[in-house]
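Since the structure of chain A is already known, use the hints to place chain B on it.
Listed in order, the protein sequences are those of chains A and B. Just so we're aligned: 42 in numbering that gives the first Met the number 0 is position 43 of the first sequence, and the numbers increase by one with no gaps anywhere. Just so we're aligned: 240 in numbering that gives the first Met the number 0 is position 241 of the second sequence, and the numbers increase by one with no gaps anywhere.
These are computed hints drawn from the structure, not numbers from a lab. Possibly wrong hints are sitting among the right ones.
Negatives, chain A to chain B, calculated, CB over 12 Å [to be verified]:
#1 Lys24
#2 Gly27
#3 Lys34
In silico DMTMM-like pairs for lysine to aspartate or glutamate, Cα to Cα no more than 25 Å straight-line [what the hints assert, rightly or not]:
#4 A:Lys59 x B:Asp241
#5 A:Lys10 x B:Glu204
#6 A:Lys17 x B:Glu208
#7 A:Lys43 x B:Asp54
#8 B:Lys338 x A:Asp55
#9 B:Lys335 x B:Glu204
If you're wondering where the values come from, they're calculated on a predicted model, not measured in any experiment. All C-beta atoms, glycine included, are put in the ideal place defined by N, C-alpha and C.
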Amino acid sequence: MNIKVLGPGCKKCIETEKIIKNAIKEAGVDAVVEKVSDIQEIAKHGVFSTPAVIIDGQIKCTGKAPGKKVVLGWLK
Amino acid sequence: MEPLKNISCGCTAGEIHHTAVHRQQSINTPWIWAAIVFAVLLWITIYRQLNPFADFVTYSIFKLSPKSPLGEAVRFFIYDTPKVMMLLTLIVYGIGVLRSFFTPERTRMILAGKREYLGNILAAILGTVTPFCSCSAVPLFIGFVTAGVPLGVTFSFLIAAPMVNEVALILLYGLLGWKVAVLYCITGLLIAIIAGWIFGRLKLENHIEGWVREMHISTSEVTGERLTWAERFEHGKAAVIDIVRKVWIYVVAGIAVGAGIHGYVPEGFMASIMGKAAWWSVPTAVVIGIPMYSNAAGIVPVIQALLDKGAALGTVLAFMMSVIALSLPEIVILRKILKPRLIVTFIAVVGSGILFVGYLFNIII
Numbered sequence: 000m001n002i003k004v005l006g007p008g009c010k011k012c013i014e015t016e017k018i019i020k021n022a023i024k025e026a027g028v029d030a031v032v033e034k035v036s037d038i039q040e041i042a043k044h045g046v047f048s049t050p051a052v053i054i055d056g057q058i059k060c061t062g063k064a065p066g067k068k069v070v071l072g073w074l075k
Numbered sequence: 000m001e002p003l004k005n006i007s008c009g010c011t012a013g014e015i016h017h018t019a020v021h022r023q024q025s026i027n028t029p030w031i032w033a034a035i036v037f038a039v040l041l042w043i044t045i046y047r048q049l050n051p052f053a054d055f056v057t058y059s060i061f062k063l064s065p066k067s068p069l070g071e072a073v074r075f076f077i078y079d080t081p082k083v084m085m086l087l088t089l090i091v092y093g094i095g096v097l098r099s100f101f102t103p104e105r106t107r108m109i110l111a112g113k114r115e116y117l118g119n120i121l122a123a124i125l126g127t128v129t130p131f132c133s134c135s136a137v138p139l140f141i142g143f144v145t146a147g148v149p150l151g152v153t154f155s156f157l158i159a160a161p162m163v164n165e166v167a168l169i170l171l172y173g174l175l176g177w178k179v180a181v182l183y184c185i186t187g188l189l190i191a192i193i194a195g196w197i198f199g200r201l202k203l204e205n206h207i208e209g210w211v212r213e214m215h216i217s218t219s220e221v222t223g224e225r226l227t228w229a230e231r232f233e234h235g236k237a238a239v240i241d242i243v244r245k246v247w248i249y250v251v252a253g254i255a256v257g258a259g260i261h262g263y264v265p266e267g268f269m270a271s272i273m274g275k276a277a278w279w280s281v282p283t284a285v286v287i288g289i290p291m292y293s294n295a296a297g298i299v300p301v302i303q304a305l306l307d308k309g310a311a312l313g314t315v316l317a318f319m320m321s322v323i324a325l326s327l328p329e330i331v332i333l334r335k336i337l338k339p340r341l342i343v344t345f346i347a348v349v350g351s352g353i354l355f356v357g358y359l360f361n362i363i364i
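Same shape as in the complex, but just chain A (with noise of 0.2 Å):
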């Protein structure tokens, strides 16, 4: 599983991120995280409100931080 977390790195996005990856040891999954930052890569996966969750290349979420259940249900 890849899991991209989108944003430039303020603290909402830095909460994802944590987010995420409790919720990958908590779920046990095998999943890559990987955080783009540049703003022209998170524009080229078209999305314009950040943070933003991409699970194997599928939109989650987008301009808020995701709940950890929330997250949990996507891992699944």
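Chain B alone, transformed into the frame defined by chain A:
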């Protein structure tokens, strides 16, 4: 004033309360409504007691004289701090709930393909209610432009978002009355609408960095989840926790400075340097305000105190607007997508708008 090295925005993780949301869903919505009505009534009751409370603490407990500078300063602080914090909580909650109806994606959809005039007006209004964090400004700009939102309309949105700030609005209402708050809101929107419109006229499309124009974004479709009322109220709560935690220190510091000015600076002192007669005071205020970057929460109590001592309303409002609407960190972020000439035009157009508002207020009030 925040140090400028901190370019990343001040957004905190505001919306990570989804676990709470899931718990809330089991509770019936009518109960939540009842709780909110009760909370508002309680709020009003306490709010009405603040004035006698401040009198009591200052004059009866501290035994200060109402006429002494210290007495005036202390009373100002004891009255204004809880008042402003209470107003802040209530309004931020309301706006948090309101904002749950708007997302940047929806706003983009509304604005795409809109013509000038109507587009500028809509963009300015949506700019004040669409939740987005300032570090999202660049991706948002790209998203708008690539979706076919005209450049001028995009600018109306980007100018209105920081200019008409809910915290500033509350503080102006609480400290200076509803007339000033309404004037601020209307002129802020007007600047965003007109400045955006001028931008559209200038045909500056080729002053956006090349890579932005070459970008073809497939519209990202996030499944639009419908929120329940319980979730919307949860949004409001998250907004209150987020904003109050972030700004309370500025509010208290601002009121403390305001209290000092209120008690110790002689009456009419500011009239000579920030009064109506001093024509140069408006441009000076704007030039000083642009590179400054502060929370609206910290600046309004200071403004109130300055007004008290004879500063002109227009000068003071111009100062506030230039502090919150234009800032160096924002310009650094925008530089990534706009060529220098467009940045300079941006500052010049918005700055002139603020200047105009400053003079206008000084003339009519």
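Exercise for review: Beyond 12 Å from every chain B Cβ: check whether that's true for Lys34 (chain A).
Suggested key: Correct as stated: the minimum Cβ-Cβ distance to chain B is 14 Å, above 12 Å.
Check your understanding: Given the hinted pair Lys17 (chain A) and Glu208 (chain B), is their alpha-carbon gap at most 25 Å?
Key -> Status violated; Cα separation ~33 Å.
Review point. Does the claim that Gly27 (chain A) lies outside the interface with chain B hold up, using a Cβ gap greater than 12 Å?
Key: Check passes; 20 Å lies beyond 12 Å.
Check your understanding: Would the pair Lys338 (chain B) and Asp55 (chain A) pass a check requiring their Cα atoms to be no farther apart than 25 Å?
Key -> 35 Å, violated
Review point. Lys335 (chain B) and Glu204 (chain B): Cα distance at most 25 Å?
Key: 15 Å, holds
**Study point:** Agreement of Lys43 (chain A) and Asp54 (chain B) with the hint, judged by alpha carbon distance not exceeding 25 Å
**Key:** 60 Å, violated
**Study point:** Pairwise hint evaluation, Glu204 (chain B) against Lys10 (chain A), where the allowed Cα distance is 25 Å at most
**Key:** 32 Å, violated
Review point. Between Lys59 (chain A) and Asp241 (chain B), is the straight-line Cα distance small enough, at 25 Å or below?
Key: 23 Å, holds
Exercise for review: Would you assess whether Lys24 (chain A), listed as outside the interface, keeps its beta-carbon beyond 12 Å of every beta-carbon in chain B?
Suggested key: 17 Å, holds
Checked against the numbered hints given earlier, the structure breaks hints 5, 6, 7 and 8 and satisfies all the rest.
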